[in-house]
Amino acid sequence: MENEKIGIENLKKITMTPEEKSQVFQNILNTPLIAKPPIKSPYSFISVFTRHNLSYSLAFCLLLIFFGGASYTYFQKQSLENGRVAMINKGGISDNNSFRASNFNQKALPNNLNNTGSTTENSIPTDTKTGANAKMSASTISAPSATMMSPNDLKSARASQIIYQGTGFSFNYDSSAKITSGTLSGGGSYVEISSTDKYNSIHFYPGTLPNNFRPEFFASTTLINGKTFYHGDVQTENGIQRSYMYKKGGKTIVIQNDTLIDLGSIEIN
Amino acid sequence: MEDNINYTFKKIYALHSDGIFRFCLVRVSNREQALDITQETFLRLWQTLLEETELKNNRAFLFTVAHHLIIDYYRKKKSLSLDKMLGDDNTSFDLPDEKGNVEFGAEGRFVLNKINSLSPTYREPVYLRFVEDLSPEEIGKILDISANAASVRINRGLEELRKNTGYNT
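Taken in sequence, the protein lines are chains R and H.
So the first sequence is numbered by my numbering: it starts at 1 and just counts up by one.
So the second sequence is numbered by my numbering: it starts at 1001 and just counts up by one.
In short, the hints are calculated from the structure, not lab data.
Computed from a predicted model, the values in this text were never measured in an experiment.
Glycine included, each C-beta is placed from N, C-alpha and C at the ideal position.
Hints may contain errors.
Said to hold, decoys possible - Under 8 angstroms between C-beta atoms, here's a sample of chain H residues computed to sit facing chain R:
| # | residue |
| --- | --- |
| 1 | F1021 |
| 2 | R1022 |
| 3 | L1049 |
| 4 | E1052 |
| 5 | F1130 |
Full structure from sequences and hints, please.
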């Protein structure tokens, strides 16, 4: 035990020499002190972005959200029912506002564009009169009809100058087409123009439009023969069909398709 | 203000420089390296005093800094462990008596070898307690453990040391 104490005392005698002690002291006092900037906390808000790979993760997430949203919007615009995807527009005009509808049922035409009146002659086959929603349920869409033509092309394609004088309105239509007219249950009248593979309808409302007309559907406008037409597109089994709306003096006309009608000739009496 | 800092620093340096140097020398087994670490330790103290940081326990602060600098030294010198260096006759530290100032007897070398032969957990607490006369609380601060844990390590280390030396018989 005594040896242990002696050993510890011996250890305690280990010291610097006076020269070493003086030298170290002088070195310390003569060392230029470099002002070190305070160490930034690794957990501060900015440090998280500047020091860690979290910034990359965050940027990746933001890019994912951005491109995910862009893809969703793009394919929503381009897709068909049940998530099928098809490139529909090929060099034609398209309605930039129609993609705002979140699904195809919303994109479809309002129900009151359907034939609600009684037919008098040349009745249209039932499946073509049940409206856009029913037409969309078809499993195939033919490619040729998916290509749209501009209203001006349609106008030049129509040579007929036969004037139909309906109740409250008149228009020119293709001479090869058959015409059917009737009255709407909610008031007003309608005309259906059909040929072998084409179909148009014109609904005339002398008063206020029914409430279930969605204004956003007719968000875009087209100027035809000095008349401003509101229009919107809807996908059907025959491709995209454009519907127009024209107002004059509190009276409104809704035209489904314009393949057989000269829009520029439409007049509200 | 700076005169006051100078005075304080001189006072602390005079009191603890030998202890810090001894601690470093025993750990790194190289006199020049021990002097460097000692100098760096007191340089940190000097900087701390200039920043007007209040130090509650100067000695604990110095030993803590020295302890961390020694760890850094061994991290930089990964290929050579302390045990290996101590076991190598060629690298044993320069004895003070070789400088002609202090005698370092056989008992001292014997005790030092036995302390160094302790397991790493007990080596530093035993050394700091019985050679540097630090309290368990100070040792706890230096080793970043509680005072109670430091006390336990000291006692267990002492038991192991007594078994190794045979002084308890």
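Worksheet entry | Earlier hints that do not hold, by number | 3, 4
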